[in-house]
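Undergrad: One letter stands for each residue in the lines below.
Number of protein chains: 4
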Amino acid sequence: MASAAPSAALLERLEAVRRHSEDLVAGLEPEDLCLQGMADASPPKWHLAHTTWFFETFLLQPHLRGHEPADSRWGYLFNSYYDAIGERHPRPRRGLLTRPAMREVMTWRRRVDDGLADLLEQLARQPRSSAAPVLALLELGLQHEQQHQELLLMDLLDGFSRNPLEPAYRQVSGNGITAQAREPEAEPLRWIEHPGGLVEIGADPAGGFHFDNEAPRHRHWLEPHAIASRLVRNGEFATFIADGGYRRPELWMSEGWALVQQRGWQAPRYWRGSGTDAWAWEFSLQGRRPLHPDAPVRHLSWFEADAYARWAGGRLPTEAEWETAASSGHPDLRELEGQVWQWTASAYRPYPGFAPAAGAVGEYNGKFMSSQMVLRGGSDLTPPGHSRLTYRNFFPPASRWMASGLRLAQEQR
Amino acid sequence: MASAAPSAALLERLEAVRRHSEDLVAGLEPEDLCLQGMADASPPKWHLAHTTWFFETFLLQPHLRGHEPADSRWGYLFNSYYDAIGERHPRPRRGLLTRPAMREVMTWRRRVDDGLADLLEQLARQPRSSAAPVLALLELGLQHEQQHQELLLMDLLDGFSRNPLEPAYRQVSGNGITAQAREPEAEPLRWIEHPGGLVEIGADPAGGFHFDNEAPRHRHWLEPHAIASRLVRNGEFATFIADGGYRRPELWMSEGWALVQQRGWQAPRYWRGSGTDAWAWEFSLQGRRPLHPDAPVRHLSWFEADAYARWAGGRLPTEAEWETAASSGHPDLRELEGQVWQWTASAYRPYPGFAPAAGAVGEYNGKFMSSQMVLRGGSDLTPPGHSRLTYRNFFPPASRWMASGLRLAQEQR
Amino acid sequence: MASAAPSAALLERLEAVRRHSEDLVAGLEPEDLCLQGMADASPPKWHLAHTTWFFETFLLQPHLRGHEPADSRWGYLFNSYYDAIGERHPRPRRGLLTRPAMREVMTWRRRVDDGLADLLEQLARQPRSSAAPVLALLELGLQHEQQHQELLLMDLLDGFSRNPLEPAYRQVSGNGITAQAREPEAEPLRWIEHPGGLVEIGADPAGGFHFDNEAPRHRHWLEPHAIASRLVRNGEFATFIADGGYRRPELWMSEGWALVQQRGWQAPRYWRGSGTDAWAWEFSLQGRRPLHPDAPVRHLSWFEADAYARWAGGRLPTEAEWETAASSGHPDLRELEGQVWQWTASAYRPYPGFAPAAGAVGEYNGKFMSSQMVLRGGSDLTPPGHSRLTYRNFFPPASRWMASGLRLAQEQR
Amino acid sequence: MASAAPSAALLERLEAVRRHSEDLVAGLEPEDLCLQGMADASPPKWHLAHTTWFFETFLLQPHLRGHEPADSRWGYLFNSYYDAIGERHPRPRRGLLTRPAMREVMTWRRRVDDGLADLLEQLARQPRSSAAPVLALLELGLQHEQQHQELLLMDLLDGFSRNPLEPAYRQVSGNGITAQAREPEAEPLRWIEHPGGLVEIGADPAGGFHFDNEAPRHRHWLEPHAIASRLVRNGEFATFIADGGYRRPELWMSEGWALVQQRGWQAPRYWRGSGTDAWAWEFSLQGRRPLHPDAPVRHLSWFEADAYARWAGGRLPTEAEWETAASSGHPDLRELEGQVWQWTASAYRPYPGFAPAAGAVGEYNGKFMSSQMVLRGGSDLTPPGHSRLTYRNFFPPASRWMASGLRLAQEQR
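First to last, the protein sequences are chains A, B, C and D.
Residue numbering for the first sequence follows the working numbering, starting at 1 and increasing by one per position.
Residue numbering for the second sequence follows the working numbering, starting at 1 and increasing by one per position.
Residue numbering for the third sequence follows the working numbering, starting at 1 and increasing by one per position.
Residue numbering for the fourth sequence follows the working numbering, starting at 1 and increasing by one per position.
To be clear, the hints were calculated from the coordinates, so they are not data collected in a lab.
Please note that a few of the clues may not be correct.
[As the list claims (entries may be wrong)] Distance windows between CB atoms, simulated:
#1 R288(A) / A39(D): 32 to 42 Å
#2 Q261(B) / D294(A): 34 to 44 Å
#3 D40(B) / D113(A): 38 to 48 Å
Built from N, CA and C at the ideal position, the CB exists for glycine as well.
Build out the structure end to end from the sequences listed, making use of the hints.
TA: Below you can see the structure in the form of structure tokens.
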């Protein structure tokens, strides 16, 4: 991971990222701060506290002389999954943590922000060689907080979706969630062909920040194929449904078909309506809104994306195909970022030669490399500047609460 | 159910009861208002809304001309279990209802309070015969709200107990929860004998308010027995534990023994401590506090109460025995109310000739007469004036989140 | 418990009871011997082994000099619920015990039978005072084996009911299961009135064998009531269904209504058919057979019996009412035994002054006195001679795999 | 899939395969035929019936004039997972199918065997072009039955392992299960290096039978690496355990670590013993036997294999690495088949250009390509002649009832 010399610019960026998290919860009702809709999700307050815990645990405690950490029990409450750090509060019960109260968490955030500013000053007086690893951790903390900004919004949408009143999250200018306010447009589908051959994928070691799971850059053999110029639309997905997509087992992985039965899936997670009104609406952070046929379909599980692709006569692209196309600069290729995360055909497994980061932060990505699928791109909930073409997002194939959609690929002969 | 003429006194009582509910949540953190620790419990805000729904549904909608009810979806959210009224939000998900926000609920409460005042005025102008049934419903609404005041505190204790920070509920003067602030005292155990014979139990039809399940008053044959003058103490229960009480299956009902294994019960629900400190503490609405050996043991399941009684060479009193003793005026008999609800040996079943109240409020008590056991008395969480010697409280035998303890009885030969 | 002098008659009875168990499984396919349809049921082979274990454990090991018990691990496998004896194989996994094989179990049965014959001889040479308690245990063992004969048939019916082939149990002459081969007959319903007053119920201490839970005989106060002269019929129950009985929550206990929803109950457990054929059939030990409108309805949970009674404008009789009527010798009273067990309004709790039998056999009845309801009478699966008017059978209110039906009662004013 | 002209040799092979299935159950107790230890496993009788159903459904019904199929309900009972064929009996309840009885199933097998012989005759009179697809299905049926022979033994071991008596399966000469009768031998570990580069993997289209998931043969880029000459031994795995392997989260995938906690894993599935005897034994088809330190470790989940490899400083080989090494003919490479299936680092996903077989048999492999990992090689339970170097076996990463072990690989720089 590359690192830059400490600077006013870094401090400014730090403050901006930290402030953005707090902006996201401004305007919520106080009760919303503890809303946890399901075991996979976390309450907004927990996200604000956990990201703070991350900075305190990995930056301030080991590196800032004289830092006084928070109540020791808070470490138990706000550790997410770092086994090397210790035991932790069970994830499904995060919604029960009405205490510490929001004002206590905010006081803590302020204290940690001050500590980080002090640490930056301290690092500015150190030789680059000793400052660099700490700055790399700081960068990781920022990226981590940005990831939680997206999670916070996903989780809030999940939580609100379980309330019959269908509450709307306020409109915020300057973050992703207003993106779809612009009218979706029809967009022709073009197939972008690739002749196959040996390609290179993965993060450039000389480039900027990347997570450990994007490395090492390595060679990969591709067969001839084509990839769609744009994402699949709501209107297209509606045709799949109308054609019996959710009632035809031959379109599904066996595991996905079992889920369709068990959970009664009939449409993407947030589609709404019934009777003549069926699937005319979708639930969103703006509350219930008309489902626009030209908007990219979102909130699909991998199983739904895979079944749709099979029905459409294609398949999902592998992550190597996706990354190769995305970095080709092909003029027809659209909607790589800023709309929805795009399911790929690739299981989330290590790249050849992968080595996790050293220390407890090595638990960040590497230990999740089983039973998950890779998503590429980025969504309208992803904080600006957080996406990358080599970014490997991952979720279990049954998950649907992310802003997830798909782009088609097909064999080429 | 008896009813009184509408009066300033009734209006005053109505306002006092309604205000008391709100006093109970003053001083909580906003997040606490949505805290639901388990499926059996409800969040404080839900209690405030549900009791308001009860008045609106059973009093204002049918009887107050021109009353404009709340958003129709609120009926779905705040109906507890009245099937005759309609479908309802699943109980285990009440904690997800961050909306309507507290201020909306408070506005509703004000509007319903105003409506009730209007209704009282309206009733004052009606003949007694037509006013009486409505006033009886109003009385039921008040009793209902008082029950929820106790539930609110029980549920809050449950919710707080799941937070590793062990939060304390504020000290409130004037409600029951400060009762134990007074130092518990040693109290000798005396046996109060009864020769057996035909007795009468159940609510006096000429008396004041009572629930339908307390009637009809009827005859019952008792065998000779004795009942303890006081409740079982923490110190006595500690001796049971030290004697292997939770490890000896012969002391337990088969069903209770299975629960001991499955749930790992080793002590009353809120006893705390480990190692040399084991069971030196208990969690309470005042937070963690030393366990006082002379305080009545509390937060027992029926199975624990039953096992303790067997170990002690006695048994639980039947509800007929309890009520007969309680209404005897025997000078030695102590601690009937204001400490803990007292488990009895009686399954909760209808009295001979029992008939539920007419209409939807008939669902109040009668439909729960299976798989539950009767508790008698009243606890320090019970609002003042809400207890009665004929009161039949009931809970499933595995429940422990109520302020429940026991009094011994024994056969007499 | 009374005991008789050892005699040829007792040996003969012992042999007859033991032989009857084996007759019940003659003609089954070998695979059927391990059939366990659900956690509450046990495989036929397990019943044959467990009853043998009972005799070996409580009779031969303590009382027959030189008896060599079976492989010590068999005690683990075939102990049902006697905690005082030790750990045991989990009940839901009894169907996995393909070994010991049937022929090994039969060899064991022979060896235990021989041991019991030896023990009887030995007892014949002892003074009555020392023989009596052992003979009482032997009687208990015989009654126990008879109970398991009924359980074996209930469990087999449950197991067969889960096979889409709907297998038929063979026709056996001389045991109860052919009883219904005789054509059911219409039978007028008469109400047998009782004026109320003080009655005595429970087993006569001077009478023959009874279980500990039938004692002591004691006084009980009855209110005026009437009891039906006969059982409820299939045809009557069909009217309840047609009248929306399973769709009207006001007829049900809250707990029962939840079960109706969760389990999708629409009729008694073994009623079959669909479309125009709906409920025209019932599954039985004779396989699928036409549902006869004049046969007593069977395989009801207590919740269904209770809901039916409410719908019919009556209620279930208490066990005291049932026993008082049954022992009155009233000429109109029919169908007390030999058809179905009859749910009562009474929770299964101890009689005043109840004391369980001493030793491990004290676990027989007393530890099940929670969350169960009493059934009275006896069914066509009950071995001849095993019924008694004071017999207290008990099952959880949700159970339906027994031959259980109901008789109505009603208040009398 | 290649096909040969119908011949006496094919008939002979058909008879041999069919007979082998029956030989496997000879000597079982009758009750064992319905033994189903868990939802993932099936009873022996079910395997015998299901393989017969496969031949009848896919061969005889469509292709043999005049074939009279079995009772139509049997199709419901013995369909495994072919949605295109129709509904089916729930997998976890296969153990309840005591009927049809074994003798009925055997009669059916005979009738289907006769039908297959007739079909072969009929095909011999047809032109090759029309016979070939039917012969290909026949070959698939034979391969399918061989797969079930291994499953039958795995499932039986699982079922027996749940019986405290630890029954032993009889010794059968001529099938795999006696393989380990030969004494395991110490075997030095050598590293076989590969320089990386473009390789080809997958089944040769001109070769013999292969499943659809082994095709198409395709190019794959490998990085430099080395693969172990032999499998990991019990003794080596015991060192991992002694070094805290099951107590160190840093060695595990997050999902695997959660399973270790939930299921209490402390050793491979069938290791036995406690105290000073801990892990001195293993349960096997020969019953309990001493655990030999030089025998390959078996009955590991993928998570355990992955954690072991990490602890040992290596990793699992990818399936491309495994197949490349296996087909290299390197003289040092041992234990490719006949011992245990070998977990790989590869998620089970389609090869580039994969197309499932046409028709209902297309459900055979393709629909399981999610949340499973690939195993390569073959075990001592695999029928002789059924293994292939391109064979892709697959199981969920948590499964441990297969004969599964591992071979190490490592990066090479």
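Undergrad: Given the hint of 38 to 48 Å, is the C-beta distance from D40(B) to D113(A) inside that range or not?
TA: Since the Cβ atoms of D40(B) and D113(A) sit about 41 Å apart, the hinted range of 38 to 48 Å holds.
Undergrad: Is the hinted range of 32 to 42 Å satisfied by the C-beta distance from R288(A) to A39(D)?
TA: Given range 32 to 42 Å: holds, Cβ gap about 40 Å.
Undergrad: Take a look at whether the Cβ-Cβ distance between Q261(B) and D294(A) falls inside 34 to 44 Å.
TA: violated (59 Å)
In summary, the one numbered hint that this structure violates is 2.
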